[in-house]
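Asks: So the chains spell out like this:
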Amino acid sequence: MSTGFRLPQGGLIDRNSQYRFSFDGRALTGHAGDSLASALLANGIQFVARSFKYHRPRGIMGAGLEEANALVTLGDGARSLPNAVASTEELHDGLSAHAQHCWPSLNTDFGAVNQLFSSLLGAGFYYKTFMGPGRGPKSWLFYEHFIRRAAGLGKASREPDPDQYETVNTFCDLLIIGSGPAGLEAARIAAEAGLDVILAERDFELGGALLADTGTIERQPAAQWLASQVDRLSKSVNIRVLKRTTAFGLYDGTVAGLVERRDPAQATTIPWRERFWIVRAKRIIIAAGAMERPLLFAGNDRPGVMLASAVGSYLNRWAVAPGRRVVLATTNDSAYATARDLAIAGLSVTLIDSRDRISEPLHRLANNTGIDLRLGQSVRATLGSRHVRTVDIGPANGQGAVGSRLACDIVAVSGGWSPTQHLLSQRGVKPSWNESLQAFLPGRANEPIDCVGSAAGLWRSDDCARSGRAIAAAAAAALGRKAPVEDIPAPGGWETPIRPVRLASDLNLKKIFVDLQHDVTAADILLANQEGYEAPELLKRYTTLGMAADQGRTSAVPALALLSEMANRSVGEIGTTTFRPPFAPVSIGALAGMERDKHLLPIRRSPLHDVVADSGAHMLETGLWMRPWYYPQNAETVDEAYLREMRQTRDAVGICDVSTLGKIAVQGPDAAEFLDRVYVNGFKAMKAGMARYGVMLREDGIVMDDGTSWRLSETEYFMTTTTGNAAKVMAWLEDLLETRWPELRVSLTSVTDQWAGISVAGPHARNLLAANIGELDFANEAFPFMAVRNGVFNGVPCRLARISFSGELAYEVYIGASHGPALWRALRNTAKELGGCAYGLEALGALRIEKGHVGGPELDGRTTLEDLGLGRMASTKKSFIGDVLRQRPDLRRDDRARLVGLVPVTKGEMFKGGAILAEQGQEDGHGLGWVTSVTESPSLGHWIGLGFIQGGLDKWQGKTVLAADPIRGRSTLVKIVAPHFLDPEGTRLHA
Amino acid sequence: MPRYSALSLINHAITGNRDWPRAWPNPDPKPSYDVIVVGGGGHGLATAYYLAREFGIRNVAVLEKGYIGSGNAGRNTTIVRSNYMLPGATEFYDFSLQLWNSLSHELNYNVMFSPRGQILLAHSPDALDGAARRGNIMRRHGIAARLLNRQDMQDLVPHLDYRPTARFPIWGGLMQPTAGTARHDAVVWGYARAAAALGVDIIQNCEVTGFLREGGRIVGVETGRGQIRAGKTGIAVAGHTSRLGEMAGLSLPIESHLLQAFVSEPIKPLLDYVIGFGGHGHFYISQSDKGGMVFGGDLDMYNSYAQRGNLPVVRDVAALGVSLMPCLGRVRLLRHWAGVMDMTMDGSHIIDRTPVDGLYLNAGWCYGGFKATPASGWCFAHLLARDEPDKLAAPFSLDRFRRGAMIDEAGVGPIPKLH
Amino acid sequence: MPDAAQLSTATPSISERTGWTLTQIHAWPESFAQAAGSVAAACGASSIPAPGQAAEATDGVLLRVHPQRLWLLQYVKAGALPDLPVDQGVMLDLSQSRCLLRIAMPAAIDLIAGFCGLDLRAPAFPVGAVRLTSLHRIPVTLWREASHVAILAPRSFSQSLREALEEALRHRG
Amino acid sequence: MLRIKCPFCGERDHSEFSYGGDANITYPDLAAPMEAWIEAVYRRANPKGPHRERWQHIDGCRLWLIVERDTLTHEIASVTLAKAALAPLVDGQSS
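Chains as they are written, first to last, in this note's numbering: chain R, 1 to 991; chain U, 1001 to 1419; chain D, 2001 to 2173; chain G, 3001 to 3095.
It is worth saying that the hints were derived from the structure and are not from the lab. Since this is a predicted model, take the numbers as computed values, not measurements. Every residue, glycine too, gets a C-beta built ideally from N, C-alpha and C. Any given hint could be a false lead.
Unchecked claim - Take a look, some chain G residues computed to stay more than 12 Å from chain R by CB distance:
(1) P3047
(2) P3050
(3) E3068
(4) S3078
(5) A3082
To be verified - So, partial list: chain U residues that the calculated Cβ filter (under 8 Å) puts toward chain G:
(6) S1005
(7) V1412
(8) P1414
What the hints assert, rightly or not - What follows is a set of in silico ranges between Cβ atoms, one per label pair, in the way DEER data are often shown:
(9) D:A2107 x U:R1163: 47 to 57 Å
(10) D:E2016 x R:E775: 26 to 36 Å
(11) U:P1158 x R:P984: 26 to 36 Å
(12) R:D24 x U:P1158: 26 to 36 Å
(13) D:R2121 x U:D1155: 24 to 34 Å
(14) R:P271 x D:E2016: 16 to 26 Å
Let the hints inform the model, and build the full structure from the sequences given.
Replies: Structure representation (structure tokens):
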């Protein structure tokens, strides 16, 4: 049933350009300047979708974002786009669209059978059933499987999104949203006053309502007025015009989120699909226009029922007549211009007006153009299966039976206008109901945000232009500029007031669709009100009104009007729900911009990154840093490699990149006092040239971090922290210094990246270093354990400390980052000669387990000093951060889980980190503790581990418990031993 | 109350659905009750229901300043799980899951609890050990748990990003097959209807503006609709707990923070599980029955009662979502809003008496309020009925911070924003 | 002006400079004026740079990065600075801790606007302006030269930052 | 975006800052009695309205700031340096 056709002339389209496109496989053509919807109508296609719940046939009813029915899927495969609104998709050559949410096809959709059960499928029916059989939740899983396939609209691709998105941060004095008469004049005045202006327009053409206006504005034909404005904009230096750009959200600080869509014609030259603008404006003017509201009558969802303004747009902007015999039903003056244009275009027009009297000019307009005008009437119902065929009309007051039945192929409706003030509502500004205009007008924001034009309830374009100028002038003044002051016109502008239609009592409420996109009917609203869900938010959530992809743009006010009739409370009294961002759906990819996959977060690399890779390192990404994990030789696995690395280090020597450790320069007269206050052990008495292992607590007495601090001079320390806690410790120390102890003269600077750090461990460590570092006596007496010395490598000064994490004779060498690779290569070659090797993170972790040193898995943010067996480090001569709260009773109980060593009872058995320590036979509950770190120990010839157990060594040393690991199908008997497995006396350290 | 069932749907359909009664009456407040519960969200209504159902106390009023479910009950990402690791938390949340399993039956209202399975991802070998410990604790409490390697993950959810170049590579995950999602509004309306049927008064548009005191004891409340007396008064207003605490002269270990939730446009089934990001920071995603992708992430990280979130979190959540599930890039965000969370000093809730006689506290739900609704209601009812906490609620006392008995799952200490 | 040898150019508009030294001067509040004055004089800067300002020095630039802190960036090894008694302040060599990237104008403004929320419009970011901010979550110090924007970034982030900037360039087409 | 005017760096998005919580807490000295520490570390006024709070400009000059902000409207009334002694050093600040 094709009804629409292209008029022979007129419209803002380029008739020479031929765009080939397809709908459901049918090859069609349109022109540049068409939207997908206008091109479909021009080809006689109106029925394009099936409704959400009842799968009723649905046609194009709007000409912009207010379109609720015509949702289609564009393209296919990785670039498909579900739920595309046909009237906001700009036509381009090669566009392919197809119907969605119907099976097997648009014309024969099995889902339509739901209409037979409409009484059963009323609001909230799914809360009243699907609960059985049985008491458990499994039955719902069964029903849910089918419900989820029936729900949803379009189908999203599971392929990775191939497109790129860009982010732009920008600033301006004034952001203007919308380029109708109000927005254009506001931009002109603001720019002339010298403000830096951004004008954002959602459409691919500037002009808003002017694009379909055949009337005049400020005594000039609308098209001519618009042309001169667009020309002036192109010459203006301080207005940035952003077309195809939707302002979707207003945030604190008058910051606006906008998304710009790429011009389809430039798809090959512009790499980004969408661009996300974050605009930091001083003031914002919302000139987003108003949206026309539909009328409620039986069968108001049939293809061919359209908004009057949409019919006007298709006629005037795109030279498309949606049909030949138009019945136009209105409650207000706005539809008369469209009636005139339809008549002039030669179409048969019957104008039904709910009001009994209209103004003299409108009477003359109807008579002069041969319009069949019927006053005091309203539409009661429509007939027709795939397209509207007839419409029944009757008295507008809802009394009395149907008067007559008119044949038609288009029913254009105007139930009033709603100012588009969603963005203001996002800022918590409550709108106020204006009874005479039958519209919610925007409230006053206590932020520099104003609404102008029809977004503020002004219906005449002259008034819109004047309000744009007046508000822009006020904005300029508020920003210290001069601009000609004008008074702001009052809302409204119709000659005869709007008259809402009262529903006739005999209408079939189940056929009156209030929310077209979610198939919410008047019967559903009656039921919700009857069952107690009458507050607007409860009504919305129970019926799902306004929760579909169009977010209730055209359904919110008609629903409230219906509710006010049913509950006889005024619409103003009931109030509206809060509009949330985004104003229109926004691609999640656009919000992510470039911050995805590899670029989600930056990654830090050691200065030795490339040189260790040359040494064959496999890297592991540990949160912020990329670190060498293990150095496989001839295809070793991780385990084979790290065990070999441990053996070579224990037997000869091993070198390891430790550059990622947090490093902080602590300088100043009060540096020693400062360290004394943050570490549990004393640092003031330390001599220069020595290093000391320290532990830091949080304020609540729990261990935060550990590391060594080297005293370089009377007033300078070189503090190291764990890699993971470096940033947290730095911010914490700055907090203490600046906000609690401002009297201390200390300077803190992160020097993590200043130094390349290499740990050299093993019996040959001394010889290896002595062969490479000059001007330094490595003899034990000259360079004792925990001492700090300076040396020189190839003429470059470097700093060494005799610190051992592995328990071997070991040193840490720090040299200026850029010299690290040369030092690494030198030490690597000497190590090879001495039978040593490079070792990575895995071996580093295993070596320290053999020494019983605590690491990441042990410092889990819940352990105290005593839990870690470090209780005796706490100084009794001075107090420190956390010293008081660590004395709380539960933190001192002797049955707390304490650090212990673990060995398997049968030598060859293994166990893993995360196993639960429990008494044998105790199958359930939290058990006694847990395993934190494990490794195979080449030196001891069996697996070893660290863990925590209630009561620690005092209670369990020498005893056997179960390491239960049901999640990995294993349980191993383990014996509790002292955590210091290897060389507890530390003979190697002091060698 | 007339039973809801397929049969009742058919009977009412025949008569044009004209005679479905109000799901819960809308009474005026009586001068006094045995117990007043302040807060008409899921927790407050569940408390009233279990007071009547389990403990036989029916002279109860629930006072809600707006419409029921207008607070955090309607503003969360609807996840129900019990994969908690620490003593006290494991038992409490699993008790809640058991109540969830039969809740639709208990209330005769389909809350749509869907045990579809929740997967907590692991992004490093150490994280896999951490997941194993959590899984072991779950197994030892009879909670279904399964450790997944990368291949298992690819079989279950093929369209996550498994490339080694991904910024947070997926090494595997811990799955709780019995966890899932539920319809948050239905939980509020289900408890309201069932409580009202047992005689509880549900009073909307009734804001508490002060407490009535007699000799240092709280004996009722001052409201916009007059004074209402009560033997015991329970606070369950998460997000605004400090405001009521202030009226009673209590300063609490709580900061109010915004937690944003996001929903996409409705699409055909794309994700069958609840997925949780296991790296630094929060991210969780699932798909609602209507087809919207429901996801959320970190707090906005500053004190606020504004119920609307800011751009940085929107960008971070979008970036993490697209990085974990690359096909999400073209799916379009439909709506984002924020709830006001009670964030406590150790990330765990508080169900306890208060130092003020006659006043009882249910608060501090951080991210976990929705999944805790049934157990929170049950335990708070037990406390209000018996005047001493049930063993499940005992660890979550108000004075645990004084004793040093914090329950800190995240291990980040007394910084509410980090829990 | 620095000679070309030190500039290694990757893409036409992003280049890295090496061979410079960076010295941090941190003075206690009451002695900042005196300490900063002597440093400015020693390195040929006309004045002590105010917050957000850079002062030209002989063959280098003096940046104000903190109320109590100056960074002296010298492109060629200049003479040593006067030593600073510890009761006035402390000095620290940071030459190895940063990388120095330079992005040619006018591409620099658009490129940086993709990564941070700074007002880069001409009046707000004139030649000689210094800004401490983050690009792609990386803390940086950037300042406006006549024909470039210079960026000092932590060395460990330099590859990540360059890759992000270069990818952004490709995105802009 | 909360727009915070850092006295040293000028107005910036709040994502460049790290929130430090209530600024009205006076932390006791390190050896003060247990009750004073429990009060300081665990009790929060958490007002709905004007709130004096701490932020660190962690991605900029890394200074700690005292911000007076309304926790309902997010309107920022004032931003000052936590360490008063630095105020004279930022007077000629940029924008």
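Asks: Now tell me, hint by hint, if it's right for this structure.
Replies: Structure-based check of each hint:
With 12 Å as the threshold on Cβ separation, the claim that G:P3047 sits away from chain R holds: the shortest Cβ distance comes to roughly 18 Å. Every beta carbon of chain R lies more than 12 Å from that of G:P3050, the smallest distance being close to 15 Å; the non-interface claim holds. Taking the minimum C-beta to C-beta distance to chain R, about 15 Å, the non-interface status of G:E3068 holds against the 12 Å cut. Once the 12 Å rule is applied to beta carbons, G:S3078 is consistent with being away from chain R; the minimum gap is 15 Å.
In this structure G:A3082 is not separated from chain R by more than 12 Å, as the shortest Cβ-Cβ distance comes to only about 5 Å. Here the hint on U:S1005 is broken, as its CB sits about 44 Å from the closest CB of chain G, past 8 Å. Given hint, U:V1412 at the interface with chain G, is violated; its Cβ is 13 Å from that chain's nearest Cβ, farther than 8 Å. With its C-beta approaching chain G no nearer than about 5 Å, U:P1414 sits inside the 8 Å limit, and its interface hint holds.
Remark: the range hint 47 to 57 Å for D:A2107 to U:R1163 is contradicted by a beta-carbon distance near 31 Å. At roughly 33 Å, the beta carbons of D:E2016 and R:E775 sit within the given window of 26 to 36 Å. The hinted window of 26 to 36 Å between U:P1158 and R:P984 is violated, with their beta carbons roughly 51 Å apart. The hint said 26 to 36 Å for the Cβ distance between R:D24 and U:P1158, and at roughly 29 Å that hint holds.
Checking the proposed 24 to 34 Å range against D:R2121 and U:D1155 shows it is violated: the Cβ atoms sit about 53 Å from each other. Judged by the Cβ atoms, the range 16 to 26 Å given for R:P271 and D:E2016 holds: they are separated by roughly 25 Å.
Consistency with the previously given hints fails for numbers 5, 6, 7, 9, 11, 13, ordered from lowest to highest.
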